[in-house]
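Novice: With the sequences and hints as input, model every part of the structure.
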Amino acid sequence: MPKMEITTKYSPEDFENKWYSYWMENGFFSSTPDERTPYTIVIPPPNVTGVLHMGHMLNNTIQDVLIRRARLMGLNACWVPGTDHASIATEAKVVAKLKEQGIQKSDLSREEFLKHAWEWTHQYGGVILEQLKKLGCSCDWNRTKFTMDDDLYQSVIKVFVDLYNKGLIYRGYRMVNWDPEAKTTLSDEEVIYKEQNGKLFYLIYKVENSEEYLTVATTRPETIFGDVAVCVNPNDERYKHLHGKKVIVPVVGRAVPIIQDEYVDMEFGTGALKITPAHDINDYEIGIKYQLPILDTFTDDGKLNEQGMHYQGKDRFEVRREIVKELEEKKLLAKTQDYTNNIGTSERTGAVVEQRPLDQWFLKMEELVKPALKAVLESEEIKLYPKRFDNTYRHWLENVRDWNISRQLWWGQQIPAYYYGTGKEDYVVAETKEKALALAKEKAHNPNLSLEDLRQDEDALDTWFSSWLWPMSVFNGVLDPDNKEFKYYYPTQDLVTGPDILFFWVARMIIAGYEFAGEKPFTNVYLTGLVRDKLRRKMSKSLGNSPDALKLIKDFGADGVRVGLLLSSSAGNDLLFDEALCQQGSAFANKIWNAFRLIKGWQVTDIPQPDYAKESILWFKNKFQKTLGETEDDFSKYRISDALMKIYKLVWDDFCSWLLEMIKPAFGSPIDKETYREIISLFEENLKLLHPFMPFVTEEIWQQIAPRSTQEALIVASYPKEEAFDESLLHTFEFVQEIISGIRTIRKEKNIAFKEEISLSVIDNEHLGNQWDSIIQKLGNISSISYTEKTIEGAISFRVKSNEYFIPILDKIDVAQEIEKLEKELSYAEGFLKSVRAKLSNEKFVNSAPAQVVENERKKEADALAKIETIQKSIENLR
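full-length UniProt numbering applies: residue 1 is where the sequence shown begins, and numbers increase by one.
Don't read these hints as lab results, they were simulated from the structure.
Built from N, CA and C at the ideal position, the CB exists for glycine as well.
Please note that the accuracy of each hint is not assured.
The calculated lysine to any residue pairs, modelled on SDA-like cross-linking and capped at a C-alpha distance of 25 Å, are [said to hold, decoys possible]:
1) 194 <-> 208
2) 834 <-> 809
3) 387 <-> 44
4) 551 <-> 17
5) 330 <-> 217
Now the in silico label distances, taken between C-beta atoms and shown as ranges [claimed, not checked]:
6) 281 <-> 149: 52 to 60 Å
7) 51 <-> 723: 23 to 31 Å
8) 378 <-> 166: 21 to 29 Å
Specialist: And the structure:
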């Protein structure tokens, strides 16, 4: 057990590492199958290239809250950590590192490059997992997985072969999204459309053998080298006489046909559209329809190829600037105008995406998505929180397109397709080269083929094609679906992730779960919001508004940062982050620490328990149970921040500010054993509620309260059990709190020191009784409480509901000054009442305003009348 000492100052740096090491050394995070009910979470695997940012902080704090709570509730809690190999991002970093060393990727073989990639991964990868430990994440680190681990790699290959054999994976020549920076294709979901201010260029296409010309509007004049036609609407009267003729592509000089199709919008631009099938999906469809040639004019890195004539080798955007000048010089540019359009950019590199026709591997999605749609939208086997994301989920899956799963990268799972000839269909798909050879011999009818005759497809699979198996593959459920761990831990319970990958990852995991395991991968999906700054801007390095996550932990403690994040984060809603939130969390931890120091500083003796202590403890026990029930409801609805706020108020307001004040002994006096025992017990119950949110400070205090064995650590204690509570008692105590506040207000306003005793008389119209008198006397420093049926003259009074309270303090105040003050208050109250009644006397307002608004005004009227009556009585008493 670590050595402990109560410090006067809350210093999280003194014990955070200590307790994390203690939890790790004692295996508290580890899980193995047993007779308990499992509770399983798989981490959304961060990129192996990643470092901890605010989004990770929020997401993983929520997961840790859920897993720690499950552990306290006696479930077999298993949180599987790991990282994603992130094909595009990692390969880009390796390529950049090699370039610094004067090495080009093209100079290396695949094996040589992968050696460098693994070296980079071992050196830099997985940093984020170490950083998560600083946050307090209680993952089962023995289970850490990486999507390029051999078993996960083989799982992906097995799934590819299975889907291919089912006829769901095919190779086809299709228009795809191309990232010229990463030099790979992207799926439709990896293209982010951004609004951009650009230009619309009106180019002149001269009609062949004529003085006429067509004006064609385009945003991309650099693509004219790929023009193969100009298209007009057959119903457009302006161009009917040109049907069957040709135009000359400006600068290029090539004659291309004028074709007709109703696809063309007669209202856009000039109603004439240049057709470039190699660079636009819609043009591509028209090219297929009219059997037009396809001229790809770009290189893999977004430069003009030999089709670009004198612009060959120049970047596409540089060519745009230069060709506009050439068009102007040749009087082939009619005009330009400002134009705003949506530009597709790479979700990974930010590069402007090109659309290109290429041979790629695709997964048919239409049938695969059906069980996933049913699971969320019909049977509700899987629930999204908040539910509003059901509509987003539906839209994506009902409009799904075949998934382009091949990437022109080396870092990733290599596609298990093997070519044995030069024909388009001369390939086979198999899990190993040896199995591929047997298939190739059979398909080619050539028994003489050898392993050397086979060439494996160079492409790797889309990273998401491995992570969609994550809940299964981390338990080896793809390769060995009958293994003990997979049967025990799968399906998992909760998934915590961002709505931005609802389709990329969440929906695909659901699809994979039903396809390969025959059941859902998880039951609940908690979708967090994005972390934004207080100006509502998304956190980003470029804006410089993303704080250093580890520095926040150093400055405010992990508990403070966790609380600060969660207090302002409800499911699906963006979090407006401000460091002040972490300061608030740190102040809360300090409040708990000081409460502990106060309690431990009391001298305990064997004396009778005072009535005020009995009543105070009775009240708090009921308050605790009410809060516990409410937080259980919050957790069941994944309102994590709401649960924390209720616990925050319970501990700060009810326990620290009220209960401890009510039961603490007078300065220098001892506390009785029974009250102390009860307070320690209640404090421990509070710590259990707080532990999932604030693991470090709660464990530190828990271990200092009393000697504990390893098995008695807070992390594995038993969560509080729900019991019945007395709602009427709690309601009554709210009345008592108002009385105490009323007394304290008079003391403050009349400058009567708390150490000076005063008496209190009560007209008990509410029949409160004297059960709580001992508490009122203690917290108000009241010498005596008497009950009367008439107004006490010469006293200051206040009301709580219909009860009246009188404090005789004429000898302690300047009567004339007090009357003057009360008369000002009376004048203000009467003015306020007049304005309220003016509203209520307005028939139009009463008849047209919402009922609740009118009711609020009536309540204001009643409150004002009661206040006026109280002030008038106080003035009368003073006179």
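Novice: Can you confirm whether the C-alpha distance between residue 330 and residue 217 stays at or below 25 Å?
Specialist: Holds, because 17 Å separates the two Cα atoms, which is no more than 25 Å.
Novice: Need the status of pair residue 834, residue 809: alpha-carbon distance at most 25 Å?
Specialist: 32 Å, violated
Novice: Is the hinted pair residue 387 and residue 44 satisfied, with a Cα-Cα distance of at most 25 Å?
Specialist: 20 Å, holds
Novice: Taking 52 to 60 Å as the stated bounds, is the beta-carbon spacing between residue 281 and residue 149 within them?
Specialist: 37 Å, violated
Novice: Check the hint pairing residue 194 with residue 208 against an upper bound of 25 Å on the C-alpha distance.
Specialist: The given pair, whose Cα atoms are some 39 Å apart, is violated under the 25 Å limit.
Novice: Residue 378 and residue 166, beta-carbon distance inside 21 to 29 Å?
Specialist: Holds: the Cβ-Cβ distance is about 24 Å, inside 21 to 29 Å.
Novice: Given the hint that residue 551 pairs with residue 17, does the C-alpha gap stay at or below 25 Å?
Specialist: Given that 25 Å is the threshold and the Cα spacing comes to 15 Å, the pair holds.
Novice: Given the hint of 23 to 31 Å, is the C-beta distance from residue 51 to residue 723 inside that range or not?
Specialist: Violated, at about 46 Å.
The structure does not agree with the numbered hints 1, 2, 6 and 7 stated previously, though it agrees with the rest.
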